[in-house]
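Q: Here the protein sequences line up with chains U and X, keeping their order. Mapped onto numbering that gives the first Met the number 0, the consecutive letters of the first sequence carry residue numbers 0 to 326. Mapped onto numbering that gives the first Met the number 0, the consecutive letters of the second sequence carry residue numbers 0 to 326.
Calculated directly from the structure, the hints in this document are not laboratory data. Model, not experiment: these values are computed from the prediction. Beta carbons: idealized from backbone N, C-alpha and C, even for Gly. Hints may be right or wrong, so weigh each one.
For each label pair, taking beta carbons as the anchor points, the in silico distance ranges come out as [to be verified]:
| id | chain 1 | residue 1 | chain 2 | residue 2 | range |
| --- | --- | --- | --- | --- | --- |
| 1 | X | LEU182 | U | PRO199 | 36 to 46 Å |
| 2 | U | ARG18 | X | PRO305 | 42 to 52 Å |
| 3 | X | THR197 | U | LEU20 | 55 to 65 Å |
| 4 | X | ARG179 | U | LEU182 | 48 to 58 Å |
| 5 | X | ALA189 | U | ARG18 | 24 to 34 Å |
| 6 | X | GLU290 | U | PRO99 | 52 to 62 Å |
| 7 | X | GLY124 | U | LEU182 | 15 to 25 Å |
| 8 | U | LEU182 | X | SER149 | 31 to 41 Å |
| 9 | X | ARG283 | U | LEU20 | 53 to 63 Å |
| 10 | U | PRO32 | X | PRO21 | 34 to 44 Å |
| 11 | U | GLN120 | X | PRO199 | 30 to 40 Å |
| 12 | X | ARG283 | U | PRO99 | 26 to 36 Å |
| 13 | U | ARG160 | X | SER149 | 38 to 48 Å |
Derived, one-sided and incomplete: chain U residues facing chain X with beta-carbon distance under 8 Å [to be verified]:
| id | residue |
| --- | --- |
| 14 | PRO33 |
| 15 | ASP52 |
| 16 | ARG61 |
| 17 | GLU103 |
| 18 | VAL127 |
Okay, here's what each chain looks like letter by letter:
Number of protein chains: 2
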Amino acid sequence: MAETSETVSQLGERGTLARILPLLPTATSVIVPPGDDSAVSMVDGARVVTTCDVMIEGPDFRLDWSTPHDLGVKAMASNLADVAAMGAVPTGVIVAVACPPSTEVSQLEGLARGISDGLAQMAPGCGVLGGDLSVAPVLTISVTVIGELSDRSPVLRSGARPGDLVAVAGQLGMSERGLRLLLGAGNDPAAIRALRETSPEVKHHLAPIAPIFQGIVAAKAGATAMMDISDGLVLDATRMAEASTVTINLSAELADDEPALMGGEDHGLLACFPPESTLPEGFRAVGRVEEATPNAPVLVGGEAPPVSRGGWDPYRDSSSVKTRVSP
Amino acid sequence: MAETSETVSQLGERGTLARILPLLPTATSVIVPPGDDSAVSMVDGARVVTTCDVMIEGPDFRLDWSTPHDLGVKAMASNLADVAAMGAVPTGVIVAVACPPSTEVSQLEGLARGISDGLAQMAPGCGVLGGDLSVAPVLTISVTVIGELSDRSPVLRSGARPGDLVAVAGQLGMSERGLRLLLGAGNDPAAIRALRETSPEVKHHLAPIAPIFQGIVAAKAGATAMMDISDGLVLDATRMAEASTVTINLSAELADDEPALMGGEDHGLLACFPPESTLPEGFRAVGRVEEATPNAPVLVGGEAPPVSRGGWDPYRDSSSVKTRVSP
Chain U
0 MAETSETVSQ LGERGTLARI LPLLPTATSV IVPPGDDSAV SMVDGARVVT TCDVMIEGPD
60 FRLDWSTPHD LGVKAMASNL ADVAAMGAVP TGVIVAVACP PSTEVSQLEG LARGISDGLA
120 QMAPGCGVLG GDLSVAPVLT ISVTVIGELS DRSPVLRSGA RPGDLVAVAG QLGMSERGLR
180 LLLGAGNDPA AIRALRETSP EVKHHLAPIA PIFQGIVAAK AGATAMMDIS DGLVLDATRM
240 AEASTVTINL SAELADDEPA LMGGEDHGLL ACFPPESTLP EGFRAVGRVE EATPNAPVLV
300 GGEAPPVSRG GWDPYRDSSS VKTRVSP
Chain X
0 MAETSETVSQ LGERGTLARI LPLLPTATSV IVPPGDDSAV SMVDGARVVT TCDVMIEGPD
60 FRLDWSTPHD LGVKAMASNL ADVAAMGAVP TGVIVAVACP PSTEVSQLEG LARGISDGLA
120 QMAPGCGVLG GDLSVAPVLT ISVTVIGELS DRSPVLRSGA RPGDLVAVAG QLGMSERGLR
180 LLLGAGNDPA AIRALRETSP EVKHHLAPIA PIFQGIVAAK AGATAMMDIS DGLVLDATRM
240 AEASTVTINL SAELADDEPA LMGGEDHGLL ACFPPESTLP EGFRAVGRVE EATPNAPVLV
300 GGEAPPVSRG GWDPYRDSSS VKTRVSP
């Protein structure tokens with residue numbers, strides 16, 4: 000039986016999750032189950048928002064590009080954005096770090112400073128509630144964030160309605176442009192260093208600052224749906240459109256901007272607002288929600304997206320990643 | 000500068016943490032800061048208990064001993080016990096798993112079933128609030144648990160007072176005895192399989208069931224201090240004694256039971272109760288709290304513990320672990 004079992008790389012992340020998730024028990028406390036950017040559950044009468052994201056050397060970062068400080072900032076941005084995307088305020092993070100025994104303590108100090116600076120910039124008042132420190136073959140950073148909604152309802156992916164304005168806060172495609180610059184530098188340390196020092200795109204790719212506060216602003220402004228843009232605008236808008244059973248028609252102006260449409264890791268926010276809304280500060284319009292068109296969850300200027308990509312899958316893409324990460 | 004930096008294996012876990020923790024910001028929401036079994040922080044007016052523990056193939060388990068189902072149960076036991084040790088009820092777990100792409104999906108299904116069975120046995124109603132799935136060189140399981148206190152105060156390590164009864168719930172030394180049996184089996188798969196099928200000690204070492212409900216029972220019974228016993232009774236009692244500025248005098252009957260005194264990973268509960276208490280169900284007396292004796296946080300029958308050990312350190316001990324794990 001074991002011999003005939005598929006591997007996670009054969010099934011991919013989505014296929015693997017489809018096999019595992021039905022086996023896991025639902026918490027009686029749950030209000031918003033896993034599947035959105037964050038889950039929401041009741042703890043002593045309060046709604047608590049939780050999310051988790053892991054970064055691992057190899058599939059997620061390479062240490063000749065990223066400093067430990069960068070990684071601390073990025074770990075905060077990617078996780079805080081998932082809480083912000085619910086309209087919640089992050090109140091605490093739990094950080095588990097595992098590294099080879101030969102790791103210099105100064106590296107972990109840099110990581111801690113990056114976490115601290117990332118929190119100070121994106122979520123003042125949010126601090127570290129604990130964690131764990133262990134040994135692993137490669138640097139592994141697992142972060143869980145908890146947050147609070149105050150009196151607001153969580154903003155889900157599934158609330159977009161035909162006629163809604165589609166808007167974005169934060170960068171679109173900047174991380175992808177930074178990645179391309181870094182890939183262009185090959186393995187030349189001087190070229191990488193020069194890019195790190197001079198390129199805003201590279202800085203954003205390595206240590207993004209996510210528009211966390213805008214998540215709360217959007218919720219207060221009546222956002223009907225929201226999510227963070229971590230896998231590219233088209234793929235994430237597809238997820239929102241499918242969850243909401245609508246079609247999202249993005250602006251034709253984006254048609255030629257492949258990094259904006261397909262680039263991941265910007266950690267901005269995608270949000271929908273009622274048709275006549277004035278967009279809150281920090282958001283710009285990128286399209287409209289329409290009635291669902293069969294097999295076309297996302298259009299760009301009314302047409303199929305110019306490039307289609309399945310999005311990042313850590314298992315299926317791991318061979319290409321390895322090529323990319325360790326050429 | 001980087002050349003002169005110490006490594007984490009040179010500084011050890013405690014030394015490394017001493018360098019990192021001061022760099023991390025405290026959450027304004029915090030009530031019980033990191034350092035106890037769990038942290039407690041405010042979320043929308045409620046006190047939320049959080050804890051985190053990582054298990055990594057190599058330092059924490061070997062796959063020729065543990066089935067994925069075992070690992071799921073153990074990951075729950077070790078984490079739930081940290082919430083129970085505060086007197087809290089676990090309400091949700093967040094599970095991040097990373098594994099090699101060649102991992103069979105059936106392995107992850109086994110892990111999920113172990114998580115499910117562990118929760119059903121130890122924390123009914125507690126479920127999975129989300130997580131992450133990624134790629135790593137070795138199987139890595141990072142768990143965060145959240146819990147609620149209802150109207151109870153969190154039970155800290157620091158509340159033990161001279162005269163208190165010292166008591167334990169759950170197993171003492173059983174996990175260590177199971178470990179010794181497994182080590183005695185060498186790398187013989189048939190011998191390992193036989194032990195797995197017949198030895199309660201081995202079963203407890205690989206897939207412990209922790210006395211989670213007893214944590215709430217102890218809190219309701221007025222426990223003055225509590226913690227989970229994960230690194231051996233003497234080491235954990237030392238931590239409690241130091242946090243409480245007392246000496247814990249363990250029963251002389253334990254003097255010859257080295258596994259009970261020094262063995263880790265039982266995930267039972269160590270609790271203190273006011274002098275005249277009737278111990279709640281599930282607890283048995285193992286000693287008394289005394290006024291602090293200098294340099295003797297823990298005694299056994301009034302004497303220094305018969306064996307002293309520094310306890311488990313994943314960095315410092317990693318070379319010996321590797322010898323143990325991959326002989």
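Q: Hints first: check each against the structure and report whether it holds.
A: The hints, checked one at a time:
As the Cβ distance of X/LEU182 to U/PRO199 is approximately 56 Å, the hint placing it in 36 to 46 Å is violated. About 50 Å separates the C-beta atoms of U/ARG18 and X/PRO305, a value consistent with the hinted range of 42 to 52 Å. As the Cβ distance of X/THR197 to U/LEU20 is approximately 34 Å, the hint placing it in 55 to 65 Å is violated. Restraint check, X/ARG179 to U/LEU182: a C-beta distance of roughly 52 Å satisfies the suggested window 48 to 58 Å.
For X/ALA189 and U/ARG18, the hinted distance range of 24 to 34 Å is satisfied, since their beta carbons lie about 31 Å from each other. As the Cβ distance of X/GLU290 to U/PRO99 is approximately 44 Å, the hint placing it in 52 to 62 Å is violated. At about 48 Å, the beta-carbon gap between X/GLY124 and U/LEU182 misses the expected band of 15 to 25 Å. Separated by about 53 Å at the C-beta atoms, U/LEU182 and X/SER149 break the suggested range of 31 to 41 Å.
At about 40 Å, the beta-carbon gap between X/ARG283 and U/LEU20 misses the expected band of 53 to 63 Å. For U/PRO32 and X/PRO21, the Cβ-Cβ distance of about 38 Å falls inside the hinted range of 34 to 44 Å, so the restraint holds. Range check, U/GLN120 to X/PRO199: about 53 Å between beta-carbon atoms, so the 30 to 40 Å window is missed. A hinted range of 26 to 36 Å is violated for the C-beta pair X/ARG283 and U/PRO99, which are about 42 Å apart.
The hint said 38 to 48 Å for the Cβ distance between U/ARG160 and X/SER149, and at roughly 39 Å that hint holds. Satisfaction of the interface hint for U/PRO33 is found here, the shortest Cβ-Cβ separation to chain X being roughly 4 Å, below the 8 Å cut-off. This hint holds: U/ASP52 has a C-beta 5 Å from the nearest C-beta of chain X, less than the 8 Å allowed. Because the beta carbon of U/ARG61 sits about 14 Å from the nearest beta carbon in chain X, more than 8 Å, this interface hint is broken.
Because the closest C-beta pair between U/GLU103 and chain X is about 4 Å apart, less than 8 Å, the hint holds. Because the smallest distance between the Cβ of U/VAL127 and any Cβ of chain X comes to about 4 Å, under 8 Å, the interface hint for this residue holds.
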